[in-house]
Structure formats: C-alpha cells, structure tokens
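Colleague: Protein chains in written order, with this note's numbering: chain D, 3 to 367; chain Z, 33 to 322.
One thing to keep in mind: the hints can contain errors.
[Stated by the list, open to error] DSS-like cross-link-like pairs, simulated, lysine-lysine; straight-line CA separation at most 27 Å:
| # | chain 1 | residue 1 | chain 2 | residue 2 |
| --- | --- | --- | --- | --- |
| 1 | D | Lys80 | D | Lys107 |
| 2 | D | Lys110 | Z | Lys215 |
| 3 | Z | Lys135 | Z | Lys215 |
| 4 | D | Lys80 | Z | Lys215 |
| 5 | D | Lys96 | Z | Lys133 |
| 6 | D | Lys26 | D | Lys96 |
| 7 | D | Lys113 | D | Lys96 |
| 8 | D | Lys107 | Z | Lys215 |
| 9 | D | Lys71 | D | Lys113 |
| 10 | D | Lys110 | D | Lys96 |
| 11 | D | Lys119 | D | Lys26 |
| 12 | D | Lys96 | D | Lys80 |
I should point out that these hints are in silico values taken from the structure, not numbers from a laboratory.
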Amino acid sequence: MADTENAVELQNVVKRYGEFTAVKRIDLTVPDNSFVTFLGPSGCGKTTTLRMIAGLTDITEGDLLIRGKRVNSLPIHKRNLGLVFQNYALFPHKSIFDNIAFGLKYRKTSKSDIRDKVNRALDLVQLPNVAERYPNQLSGGQQQRIALARAIVIEPDVLLLDEPLSALDANLREEMRVELKRIQRELGIATVFVTHDQSEALAMSDKLVVMNNGFVEQEGAPQDVYNNPASAFVADFLGHSNIIAGALGGPDAAFTNVNLQSGETLLTTDEQTAKANGSKDVRAVIRAEKIGLSEQDGSGDGVISIPGKIKTVDYLGQQARYFVEANGRDWQVINPIDARPHQEGADIFMHIAARNCVLLPGHQD
Amino acid sequence: MAADIAGERRAPWVLLSPSLATVGLLLIIPMLFIVVYSFWLRTATGADQVGFYLDNWIEVLGDRFYRDILFQTFAIAFYTTVICAFIGYIPAYFVANTPMKSKAFLLLMLMLPFWISYIIRTMSWINILGTSGALNTLFLSIGIIDEPIQMLYNQTTVVLGLVHYLLPFMILNVYVSLDGIDKNLTEAAQSLGCTGWQAFREVTLPLSMPGLAAGSLLCFVLAAGTYITPIVLGGPRDAMFANLVFEAIVTQLNWPLGSALSLVLLALLGVLVVIYTRYLGVDQIAKSFK
C-alpha cells in the first residue's frame, strides 16, 4: 500500500458539511517532486481539498496518505507541511527573522542552525537584507516571498499553496510565478497549488487537476488537458472554445466527417472519433485560437473553410478576438494580429484543420 | 490667492467647531470652574470665601487619611481590572470564534445588562448575598450552616459588584481585537508545528493585547471613579475616593474641598493614562495591525 513515489495520495475522499457535499469522492496523487495544480471556479472544492490535505478540515470519508502513511486523524502540527496563504498570513508582531524561524523553533533546532537556515531561505527568495524588519514594512510581493520562505525552511513533505498569487498585481504576479516555479524546482519539493487562474495553472503545473462541483473533471499534463479536454466544462473553462453538437458522418480520405447541427461539415481524426464510444452523437470542440481567418477559401488537405461575416472585433493588443457569424451561429475566433486586425462587417473564411476538431461524446451533461 | 490659503487653513477649524464647542462647553469650562473652586475657602459660617487660598490643597495632599483611601481605591480598581481581564477573555474569545449568525445574538446578550440601571444591578447582590438572601436561605435549608453568614459589606463584595458592572466593557474591548485577528495566522502557526494552545500563546494572545490593554484601562478608570458600589455593597471602612468627593460636596456642601479632591483623582488617573499609552506600548502594538 505504501507508495513512496507519491508525496500525497487521496483515496475516495469525501467531504460533507451537513447536507452539503463539498468534495464528492476524489482519487488523486501528488507524485514526488511534482507541481500539481487544482484549478476550478470558486466553490468547486479545490480549497476544501487543500485544507483536508493540510489537516485544517476533517475528512468525512476516504483516506489521505502523506508519504505513504495514513494521516486522516493526524493533527496539522504533526504533518510537516508548508502552507502559504493568499493573504500571506505573516505574524505582524514578529520580525521577518522570527517569522521564518517560527517553524524551526518548534522543531528543536539549535540557535546557530536556525540562523543559517533562515539566512539561506532569505537568499533563496532573494530578500537577504530584510531579517530585522517587520511584515508591515514590506510590499505585498515581498511579504509573499517571506511567507514562502517560512513554509519551505522547515523542509516540509509537501508545500501547499492556497492562491498565493491572487493578491498581487498583474506584473508582480508573473514575476512571482516564475520565482515560485524556480524555487520549487530547486528544492524538488512536492507542491499542491490551488488557483482559479488558468494561465497560472497552465504555466506552472506538471500535473493539472481541473475541478468542478466537488468532482475532478480531468487531470493530466497541462498540454494534454488543454488540447484534449475530457468534458465540455474543461473545454469551456480552459481558454475559449466553440462547442457545437453534431453527428459523426462517413470517412473522408484520412479523416472522418462531423456534421454539425448548424449545417457545416468538419473533419476530424481517428484519434478523436474513438472518443464517441461508438455513438453517432458527438460534440465538436474547436478552440478559438485554433481557427485561422483569411479572405481566401483555404479548403483541402484536411482543412475545412467556413465562410462568415465578422460581427465584432475586440482588440487585445497582440491578438484580436472576433465573433464571426456563419449560418446564424456565432463563432469565437482569437487570432494574432498581422499588421492590423480584420474589420468589422468583413466577409471572411474560417479555416479549421481536422487535428483541431476535438470530439466529446454527445449530451452527457 | 492669499485669502484662499487663509480659508483653507480655517476650514478644518470650521468643520471641527461643533465638537470643539461641545467639548469646551460641557467639559473644559466646567472643569475650569472646579479648578477655581478648589482655591476658594469655606468659612465656619458655611459661606464660600472667594480668593486664592491653598488650604484645601494642603489638607488634601497632607492628610494621611486621604492618601490611605486613595491607595485603597487604586487597590480595589486593580483587583477588579485583573479579575475582569481573566474572566472576560474567555467569553470574548468564545464570541469571536462563533459563526457570524449567532455572533450578533451573543453581542446583544452582552449589551443586555446595560438596559438595567447600574444601581439596580448592584443592589441585586443584596438579594443574593444578604443575611436573608438566596445563598443564605439555601445554605440554611440544606443545613450547611446554622445561622446566616455575613457575606456583604466588605471589600470583596465591592470588587464583586465592580466586576459585575465592568465585565461587559472588558469583554467588548477584547472581543473587538480578537475579532480582528486573521484566522489564517493561527492556522499558519499550527502548520509550522504549534499545538492549538501554543498557537494561542504565540499569535492570538499577543495580537489581542491592544484590546486587553484598552479594556483594562477602561475598567481601571471606571472602577477608580465609582462611588455607588462602595455605598451599596461596601462597609463603613470600604469608602473609595469618589465617596469622599460625594461626601464633601453633597453632604457637607463643601465645594472647595470637594473640588480639590476630585482634581487629585482626575490628575492621578490622567497621569496613569499617559504612562499607560507611552510605556506599555499600546500604540506600538496597534501599529502592527496596519
């Protein structure tokens, strides 16, 4: 049973609050040295799951294993975890040094060891000169670095991060994201990261766990989850997708026809048709940025071009988002801007390659 | 231009004028009257002699009697404050940690005693501790004692009455500072290896010190200035300093002496407040919350 390959293992974990079930049967592993992200909208159970791992919330059913040991009823202070909160949660009445040394003090570390370890942690988060200061004398980004230093200095079995970047402003958030990932790699520490920000999740994770409604919708490497969403929810939540119901048609050269309810016919690959589970009913998922736009018809060689008219243009800087009307349906298209964006009202062709037409079984939810 | 700047400088004073007028008329001017009174002299005929006499001050500052009562007053106020701090912290902690919904109800319950006159609340102890009060009747009926014990009219009952009166003030002050402490802080402390009790000692208790300090100061000042509780629950030798003021002004109609006495109490409590905020670092702790 004891699988030391996994830092954390959740087996059939359920959390109920009275009548309300926050987490409905979750099976999950956090492999050693890996960065695992729980991604989902608020109320999806991701924070509850993190709190259960931390020991801040009781588990109603199922087992929680840390380093192969069942820890369901082990109190939080005996779990050896590093916890970082969204609001930093530094002790305002203690200096930065004492904040970081806090966990070491309770681990019976000698004074000189504490000093060495605190200094090393401060170096690691690149704030070597703030030991004497107090939390309120540091900026938000600096406070979060200290919170991280405080969590890792105790060499925890798992590092738990509860939306640690959400309170920072946009530029700082990106800087901290890189920083966090660097530190995690350097220490090789198993990390669970909770966020509702998909770009953070995609950029940082080794393994992405998309949660919704107390369930795990999909887990896997970020690329796999992004390119091959297992449900309409994942397709919709990660990036922007066009999801259209349709039916599988006959084969067409190396590809298979998908007849959309809106009238168009797309092509898809065998890899995708396997997902229909033998049924004809499918839903086609086409990512907004995987649709090409141009004024010429580009059909052929596995590409279908659909004529349409540009209804609205959102200028986003490096790229533009278009709503293109075709056969009475609005398609969302995101394209990089070449020189200048296409104009509103222009007649346009949408090019969809077969490999970008991902299928989901029809009407499952 | 110049007029604009002058107007801008005047604006805060104009805006402050209602409160300045209120404080001035109701607090500072009456206090100045008291200061002036304290230098008058009451003659044997009972009339007040207007002038600048130091007689009252010499009597108040020189007589051991007043010093002893002052000491006793501060001792009673001190015991009251310490007891309030200890037994007030627990309900405050409890209220701060209850869910939002029941919190409002519990706070209302805390306010409830204020709806009943303080004198009535103080006198209710007579019905409980008096010779024919509830406790004595109970003890007599179950045979623990043969005749009623004298429980009332001593320093202990004065402290008891004061604690009863001042406890809500302490609870509210401590509650406010406990309520402002981020729950994540205790969770962070526990994740770093603290037991619940250690997390309380390391985080919650130090961060609630401003409330505890403010509540203690309030309790001490209110207790030191009380005169009803010693009258109702104290014996003849349990007079507190405010009783002397009451005695001098209401009974003996000796306004000059009463004025000097009340100024002594005011000055001492004022000095205490200054020392308290300066050296116990109430400001300093409050700063850490920003």
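Colleague: To test your reading of the hints: which numbers does this structure violate?
Modeller: 5, 6, 9 and 11
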